[in-house]
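Colleague: So you can see what is in the structure, the chains are spelled out below.
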Amino acid sequence: MQETPEDEEPDLLPFPSFEQFDCTEAVRLRFVPKDEPRPGLLAELVAAFTEAAEPLILEERISVPDDQGIQLRAILDQKAEEIREKATKAEPRAEEMKLKLATGGEAAVAEEVAAARKKIFDVVAELHKLGISVSARVE
Amino acid sequence: MADDARLPTEEEIAQLPRWARVAFAARCARRAYSLLSSSPDIDSRHLTIFLRATSTAERSAALALRADATAVEILDFTTTSVSDAVRAASAIIGRAVVWASSEATGVNEKTIALLVEDITLAGLTTQFVWNDYAELTRKYRIQDWTDETSVPQSVFGPLDEELSAKSLAFELVAPEILAPNVIGESLVKLWEAANEYHMARGGGVLTFDEFKQMMPALVPVGPESRG
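Listed in order, the protein sequences are those of chains G and D. Positions 6 to 144 (this note's numbering) are the ones given, in order, by the first sequence. Positions 45 to 271 (this note's numbering) are the ones given, in order, by the second sequence.
Please note: incorrect hints may appear among the correct ones.
Unchecked claim - Taking lysine to any residue pairs in the SDA-like style, the calculated list, with each CA pair at most 25 Å apart, reads:
1. G:K39 <-> D:E205
2. G:K39 <-> G:K134
3. G:K134 <-> D:A178
4. G:K123 <-> D:E54
5. D:K256 <-> G:R98
6. D:K183 <-> G:K39
7. D:K210 <-> G:E90
These are calculated hints, taken from the structure and not from any lab test. None of these values were measured; they are calculated from a predicted model.
Looking at chain D on its own, in the form it has when it is part of the complex (with noise of 0.2 Å):
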């Protein structure tokens, strides 16, 4: 597949129905996560608020729902105050769920090429991006996606990062007021089913590894706080 090894180009990436376009985008997202986690010149708030911007772009696409336009402004605070590369990598997301966010089922087609093409200079593998927009058109064309068909990003396949995964984990978010044995009893629940997945697909048991109790570590992000 190494001759396919370029960037679609702006017509075929217009051919992508509208939520193909924008969990492509999305797919694009999380590649470049990568590259702006390396980055020297990103702090932990910008990455979880880049992180909160991809998955509303995913779950847009996931749902064939448009996403509610505050997504926009937060993202506008993150363009402000990082570096060229960090900037177009945090640009396809934030135009992904501007899209998303849009009535418009046509147009930013362009905006997607020159896009991917900036991330890819910045270090993303064309490669990677080309066969997820390959894998995107043979699945809409088998099946007949139209601007409506929701797209979830399982239809990519695992990130390549996660193939060498070497363990699951798992965050719970639970109401103060739920008791403690209440999460007790949900890990175990949540243990048992995963196992059974895993082990009905070959794997083998899977065992405890660890847990940590967490708390936000977030400031209020928001207009009222932009300096």
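In isolation and in its complexed conformation, chain G is listed as follows (with noise of 0.2 Å):
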């Protein structure tokens, strides 16, 4: 059947279903600054976050009890202390910025800020690749 213009569906926005959230695996993991100079940046990285991966919904979920997703928790906490370690090394770098701020105020990190705000654009995009949706909030 040849489709006439009035036949055409415009882009629509679909509502997702719950079954759809249904069949997945889920984590959900939290950061905390060891310190943070200004009031409202957690919140400013999640609106970064959400800006790459458009609002996501957020569902009800429960956490699974210790005797499921046995394998997946492991592999989890080998990666938390990978973080970790990754977070020691990258106390220098954070001394280093807080310095050019204090020096040269915004305008000294603003390529900084700019390729930070890139990298997360690109890692949310190739998470989405792999099915992998994020959502970020404060709490």
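Starting from the two chains in their separate frames, assemble the complex, guided by the hints.
Modeller: As structure tokens, then:
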């Protein structure tokens, strides 16, 4: 059947059904800043991720009992340790950025902010290609 | 700015472009969420539905795309089983989704004004509502928005409770077919990206706090399951 202009469905924003979330593996993780120079910086970070991922829908979820998902939990424990090590190594870089901000102001770090923002978009896009959706929020 | 602590009038709301109105309603819904979550007569399922509808309206405004009308059916379910205060707050986002799903670019300002008044009576701070409206107005005038201009929630800035937030939480939802180590690697990449941005803005290193493996806690909701 030939489609007429009236039949053409305009772009619609799909409202996901609950069933779309049924066959999934979900992980919730939380990071805390060692220090934060201004109120709202975490919210700004959430906005950057949200912009990269488009507003995503947070579903009500409950924790899986410990006897389930043992393999994933073991891997995440291992990755958490990896992150702690990387965080320690990143300390000098954080200090360097703080100094740059203190001496040169926001303009001095504009390129670093832009590069970090691009990285957020790249990572979110990469995860989406794998079928992983990411949502962020502050708590 | 205390002198400005009033609600925007119908006429003022009418001046906003189409997606700015939807974004404004969604912003009010985000603010109303704290009222909903502290209400004794709302359960977690209603809260989830409310968040879903709010997200739909936000996404519609951010992408300048009409929403699927399914959202409206789900909101009907929400608004028939809760108290007046909760219903008023739910209604504002319900209307936003209806507008988002509508072809119409006019009307609706009267209903927005009434609903903003309703949720303000239910406890929402007038100053916050006005600040959101004023910020939206300032930006649409400077940037010459039209009815086609998309309006993400980021135009408003952080919500008040977000300003005092202490942690950053992510939720990753992945197909079960993915190997666990892929999810693990994704977690590290996510941290790296978040940490770089946080440090570039002068923040300290983000440290890993906790993770939880999650599963859906909802029963299917739809027309067939309504009592």
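Colleague: Hint by hint, note whether the structure agrees.
Modeller: Okay, the hints, checked on the actual structure:
Among the hinted pairs, K39 of chain G with E205 of chain D is consistent with the structure: their alpha-carbon atoms are about 20 Å apart, no more than 25 Å. Taking the CA atoms of K39 of chain G and K134 of chain G, the gap is near 32 Å; set against the 25 Å cutoff, the hint is violated. Simply put, K134 of chain G and A178 of chain D have alpha-carbon atoms about 39 Å apart, too far for the 25 Å limit, and the pair is violated. In summary, the hint linking K123 of chain G to E54 of chain D is not supported, as the alpha carbons are separated by about 40 Å, beyond the 25 Å threshold.
At roughly 29 Å between alpha-carbon atoms, K256 of chain D and R98 of chain G are farther apart than 25 Å, so this suggested pair is violated. Simply put, K183 of chain D and K39 of chain G have alpha-carbon atoms about 34 Å apart, too far for the 25 Å limit, and the pair is violated. Among the hinted pairs, K210 of chain D with E90 of chain G is consistent with the structure: their alpha-carbon atoms are about 22 Å apart, no more than 25 Å.
Hint check: violations occur at hints 2, 3, 4, 5 and 6; the rest are consistent with the structure.
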